[in-house]
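As they're listed, the protein sequences go chains A and B.
First residue of the first sequence? That's 1 in this note's numbering, and the numbers climb one at a time after it.
First residue of the second sequence? That's 1 in this note's numbering, and the numbers climb one at a time after it.
It is possible that part of the hints are untrue.
The list treats identical chains as one, so a pair stands whether inside a single copy or across any two.
[Stated by the list, open to error] PhoX-like cross-link-like pairs, simulated, lysine-lysine; straight-line CA separation at most 20 Å:
#1 K433 x K63
#2 K182 x K214
#3 K22 x K32
#4 K173 x K32
#5 K93 x K76
#6 K32 x K368
#7 K63 x K76
#8 K315 x K139
#9 K56 x K5
#10 K248 x K266
Please keep in mind that the hints were generated in silico from the structure rather than gathered at the bench.
Small disclaimer: the values here were computed from a predicted structure and weren't measured.
There are 2 protein chains.
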Amino acid sequence: MAKEKPSIPKGTRDFGPQEVAKRKYILNTIEKVFIKYGFMPIETPSMENLSTLTGKYGDEGDKLLFKVLNSGDYLKEITPEILTASNQQLTTKLISEKGLRYDLTVPFARYVVMNRNEIAFPFKRYQMQPVWRADRPQKGRYREFWQCDADVVGSDSLLNELDLIQIYAEVFKGLGVQVEIKINNRKILAGIAEVVKGAEHLQTIAVAIDKLDKIGEEGVSKELSALDFSDIEISSLFEIITTKGEDKEMLQSLKSKLQSSTEGLKGIEELEFVLNSLQQINKSVSLKIDFSLARGLSYYTGCIFEVAALEGTLKSSIGGGGRYDNLTGIFGLDGVSGVGISFGLDRIYDVLEELKLFPDDTQGSHTKVLFCYFDEASQAYALQGVTALRNVGIASQIYPDVVKKIGKQLDFANKLNIPFAAVAGTDEIAQQKFMLKDLNESKQELLSIEEMIERLKN
Amino acid sequence: MAKEKPSIPKGTRDFGPQEVAKRKYILNTIEKVFIKYGFMPIETPSMENLSTLTGKYGDEGDKLLFKVLNSGDYLKEITPEILTASNQQLTTKLISEKGLRYDLTVPFARYVVMNRNEIAFPFKRYQMQPVWRADRPQKGRYREFWQCDADVVGSDSLLNELDLIQIYAEVFKGLGVQVEIKINNRKILAGIAEVVKGAEHLQTIAVAIDKLDKIGEEGVSKELSALDFSDIEISSLFEIITTKGEDKEMLQSLKSKLQSSTEGLKGIEELEFVLNSLQQINKSVSLKIDFSLARGLSYYTGCIFEVAALEGTLKSSIGGGGRYDNLTGIFGLDGVSGVGISFGLDRIYDVLEELKLFPDDTQGSHTKVLFCYFDEASQAYALQGVTALRNVGIASQIYPDVVKKIGKQLDFANKLNIPFAAVAGTDEIAQQKFMLKDLNESKQELLSIEEMIERLKN
Numbered sequence: 001m002a003k004e005k006p007s008i009p010k011g012t013r014d015f016g017p018q019e020v021a022k023r024k025y026i027l028n029t030i031e032k033v034f035i036k037y038g039f040m041p042i043e044t045p046s047m048e049n050l051s052t053l054t055g056k057y058g059d060e061g062d063k064l065l066f067k068v069l070n071s072g073d074y075l076k077e078i079t080p081e082i083l084t085a086s087n088q089q090l091t092t093k094l095i096s097e098k099g100l101r102y103d104l105t106v107p108f109a110r111y112v113v114m115n116r117n118e119i120a121f122p123f124k125r126y127q128m129q130p131v132w133r134a135d136r137p138q139k140g141r142y143r144e145f146w147q148c149d150a151d152v153v154g155s156d157s158l159l160n161e162l163d164l165i166q167i168y169a170e171v172f173k174g175l176g177v178q179v180e181i182k183i184n185n186r187k188i189l190a191g192i193a194e195v196v197k198g199a200e201h202l203q204t205i206a207v208a209i210d211k212l213d214k215i216g217e218e219g220v221s222k223e224l225s226a227l228d229f230s231d232i233e234i235s236s237l238f239e240i241i242t243t244k245g246e247d248k249e250m251l252q253s254l255k256s257k258l259q260s261s262t263e264g265l266k267g268i269e270e271l272e273f274v275l276n277s278l279q280q281i282n283k284s285v286s287l288k289i290d291f292s293l294a295r296g297l298s299y300y301t302g303c304i305f306e307v308a309a310l311e312g313t314l315k316s317s318i319g320g321g322g323r324y325d326n327l328t329g330i331f332g333l334d335g336v337s338g339v340g341i342s343f344g345l346d347r348i349y350d351v352l353e354e355l356k357l358f359p360d361d362t363q364g365s366h367t368k369v370l371f372c373y374f375d376e377a378s379q380a381y382a383l384q385g386v387t388a389l390r391n392v393g394i395a396s397q398i399y400p401d402v403v404k405k406i407g408k409q410l411d412f413a414n415k416l417n418i419p420f421a422a423v424a425g426t427d428e429i430a431q432q433k434f435m436l437k438d439l440n441e442s443k444q445e446l447l448s449i450e451e452m453i454e455r456l457k458n
Numbered sequence: 001m002a003k004e005k006p007s008i009p010k011g012t013r014d015f016g017p018q019e020v021a022k023r024k025y026i027l028n029t030i031e032k033v034f035i036k037y038g039f040m041p042i043e044t045p046s047m048e049n050l051s052t053l054t055g056k057y058g059d060e061g062d063k064l065l066f067k068v069l070n071s072g073d074y075l076k077e078i079t080p081e082i083l084t085a086s087n088q089q090l091t092t093k094l095i096s097e098k099g100l101r102y103d104l105t106v107p108f109a110r111y112v113v114m115n116r117n118e119i120a121f122p123f124k125r126y127q128m129q130p131v132w133r134a135d136r137p138q139k140g141r142y143r144e145f146w147q148c149d150a151d152v153v154g155s156d157s158l159l160n161e162l163d164l165i166q167i168y169a170e171v172f173k174g175l176g177v178q179v180e181i182k183i184n185n186r187k188i189l190a191g192i193a194e195v196v197k198g199a200e201h202l203q204t205i206a207v208a209i210d211k212l213d214k215i216g217e218e219g220v221s222k223e224l225s226a227l228d229f230s231d232i233e234i235s236s237l238f239e240i241i242t243t244k245g246e247d248k249e250m251l252q253s254l255k256s257k258l259q260s261s262t263e264g265l266k267g268i269e270e271l272e273f274v275l276n277s278l279q280q281i282n283k284s285v286s287l288k289i290d291f292s293l294a295r296g297l298s299y300y301t302g303c304i305f306e307v308a309a310l311e312g313t314l315k316s317s318i319g320g321g322g323r324y325d326n327l328t329g330i331f332g333l334d335g336v337s338g339v340g341i342s343f344g345l346d347r348i349y350d351v352l353e354e355l356k357l358f359p360d361d362t363q364g365s366h367t368k369v370l371f372c373y374f375d376e377a378s379q380a381y382a383l384q385g386v387t388a389l390r391n392v393g394i395a396s397q398i399y400p401d402v403v404k405k406i407g408k409q410l411d412f413a414n415k416l417n418i419p420f421a422a423v424a425g426t427d428e429i430a431q432q433k434f435m436l437k438d439l440n441e442s443k444q445e446l447l448s449i450e451e452m453i454e455r456l457k458n
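Next comes chain A alone, as it looks inside the complex (with noise of 0.2 Å):
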């Protein structure tokens, strides 16, 4: 076998120990609040047929996914002239029937009708899994990366509008995070389309101004020239978008400028209702009203959010969602509205990183005690240690291999973050007790086994 200098694909990583344990504390908090709200858990298969990925994410996305090699003798299909045509489109289909998820949204809709008939709905599911993207890697973007997505569907209550924004709020508190919500409606964006220049240009509108953050006013304005929006037009788009104030005046204001749509007016109804309800029920939510939120995906009919971090430098979202009146439709099933939000895991990691918010239990192994010894006679001594503080439940560890110095012992447990080392030498053997050293002290006691416990259990 060749020895070749291992690497990893661009784009992907691998999570040591503390890396892995501090993911787990952002996911385990999300799962509780999920949980906690009635959210139930499922988990697709890492590979879906490319015939329910393709066409779902647009031109781009089709081009991201990344695409399984069919096994076996998978060139049959392919002769020269296909190739010589170089009809990569075509060679692709011929080659490969499966790709890797690309998000959460798509498996779940095709969960959802395959499993209609045994699902309970309203369905309120939950999914942590990862996900992936042919992407260009760079700082804060990878090939595969995590989403923790939740969504009701078979509701049309904005009950659930309501659940999944305190369901924010609970878990950026949780993870000691500052975060504002915002929210906007895609009812009412549609209103704003009809008054500005007509409701065929909703999705034009709502493409424009999701790239306010990254282009600007100006950025926005020159696209929306180049696609025959007057001056006028844009003036008027952005004197609605960009309105500010008190939630109550901002939509008094809209109310008056939309009061000849329809459709505006009930978007305006629906952000009405999950304000006061919201208000009603729990008022440390930071909730923000925000015309010029649009969120890209065509997808949308009603309610949409945004989060960001309140604090440090990383303001790019970390988590967004809304309501979707017919995603289970491009699988045949028509009539399921549903109502989603999905965090980003490694964008929360990262906040939380700048933030130092990391808990010390984060930090390092989670052994308590590391017993160290000198010889053969004193490792089997010890083995009854570590056995005695396994059988009641105490996370330890024997070093073990024989080395006489107890220095190098001492660096394991240092470097593991291990807070305390057991040692076991000849006097200690004579007195049957340990030597039970504070490695963050600097103190140490001599116990017998019991009476370590009990200091251990404290």
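Dock chain B against the given chain A, drawing on the hints supplied.
Relative to chain A, chain B alone:
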């Protein structure tokens, strides 16, 4: 967009809420024991470079790797000439650089080599992730399945073997499954090869007797015959490997048979150390010497293990492992001895399912209470209730849509195995209470929110 009837790739599975809960129960049980014994988690990417994976699992294994198509213009190097030669291997190399993880051992070896300067050795790591194999799908065999591995690298000590055996025992005790842990030693097999026919025949013998379970003594004999083993050699081999009896007798009898083999005697000594040490610290583990245990993989060099359930119809292996002296050598790092074990999540799942060993709380939603109501006014009241319960950490939900029929809402609770329903009607609101229905016992009580919390916390 076309409306296709959705499906998932063969050999893959969706997991619904109950299945996820059950799988998590197994994973959590295993993980807790790993942590108690001082193991730390790592995670590696789903995709590895094919140069990392290829050649590590034999020719058969190479064929079972799922290969991922390069992104972008992946056909650019494929000329009709390459195709005409129908050189599939070359084509694959040119269009695919990455593959899906086939097991957790090779990625772990790669990880150790890449991170050797940061790792504190001995390194005790665990890893619980899915792996993918393009095997023919059949009952109990999937193309995506999970492995849970624990390995120690950078230590020769047999205390590691002792830890791993206890981990096996403790996990299955925790899961309530009676198991038998078989143990043997590759050095003993080497000694047997030496006295039966010659040291160079070790791997042939190991591969042949690894099939004993499947094809029986007769089948193995035939296979060895075909490989130029004489009848005398075969019968002397079987005489040794089928030795039965008490541990001490078995080892005593083997010692006399292998007295000419230094390596064989070393193997016996290692086995004796493990058995004696285990006897001193934990008499309850059912460890059984089996000289016919071989395990096919060529990289094992010391103790080897295999675990099987003692009850039910599923007698196949639900775990296995062993010591390897030079796994990282394939990536250029020599002299790192390791020992590891693996749990097969899917097989353990099947065993627990058959023996009905899953605990009750893996059977349904974690939600404790569903709030039910009749109209908009009682919805607002019920919303106060569900918020109060969630504020004290009780998982609860409110039926989101206004449906006048209470029966439909209670049906929903029953389908999800939610044990309580809190009903808010006009009477209840007038008294500022809720009717708490115990859905398992068909009892109900009129309670204030505080009383309800008190009641549910017990």
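Verification of the hints:
Neither within a single protomer nor between protomers do K433 and K63 lie at most 20 Å apart by alpha-carbon distance, with minima of 66 Å and 57 Å respectively. In this assembly of identical chains, K182 and K214 lie within 20 Å of each other by CA distance solely inside one copy; the values are 17 Å within and 62 Å between copies. In the homo-oligomer, the alpha carbons of K22 and K32 lie at most 20 Å apart both inside one protomer (16 Å) and across protomers (17 Å), since each shortest distance falls under that limit. Proximity of K173 and K32 under a CA criterion of 20 Å is satisfied intra-copy only: 13 Å inside one chain copy versus 27 Å between copies.
With identical chains, the CA atoms of K93 and K76 are at most 20 Å apart both within one copy (13 Å) and between copies (17 Å). Proximity of K32 and K368 under a CA criterion of 20 Å is satisfied inter-copy only: 14 Å between copies versus 26 Å inside one chain copy. In this homomeric assembly, K63 and K76 come within 20 Å of each other (Cα to Cα) only across copies, at 16 Å, whereas the closest approach inside a single copy is 24 Å. In the homo-oligomer, the alpha carbons of K315 and K139 lie at most 20 Å apart inside one protomer (14 Å), although the nearest pairing across protomers, at 49 Å, exceeds that limit.
In this homomeric assembly, K56 and K5 come within 20 Å of each other (Cα to Cα) only across copies, at 15 Å, whereas the closest approach inside a single copy is 39 Å. For the identical chains of this complex, K248 and K266 are intra-copy neighbours only, at 16 Å inside a copy versus 83 Å across copies, given an alpha-carbon limit of 20 Å.
The earlier numbered hint that this structure contradicts is number 1, and it is the only one.
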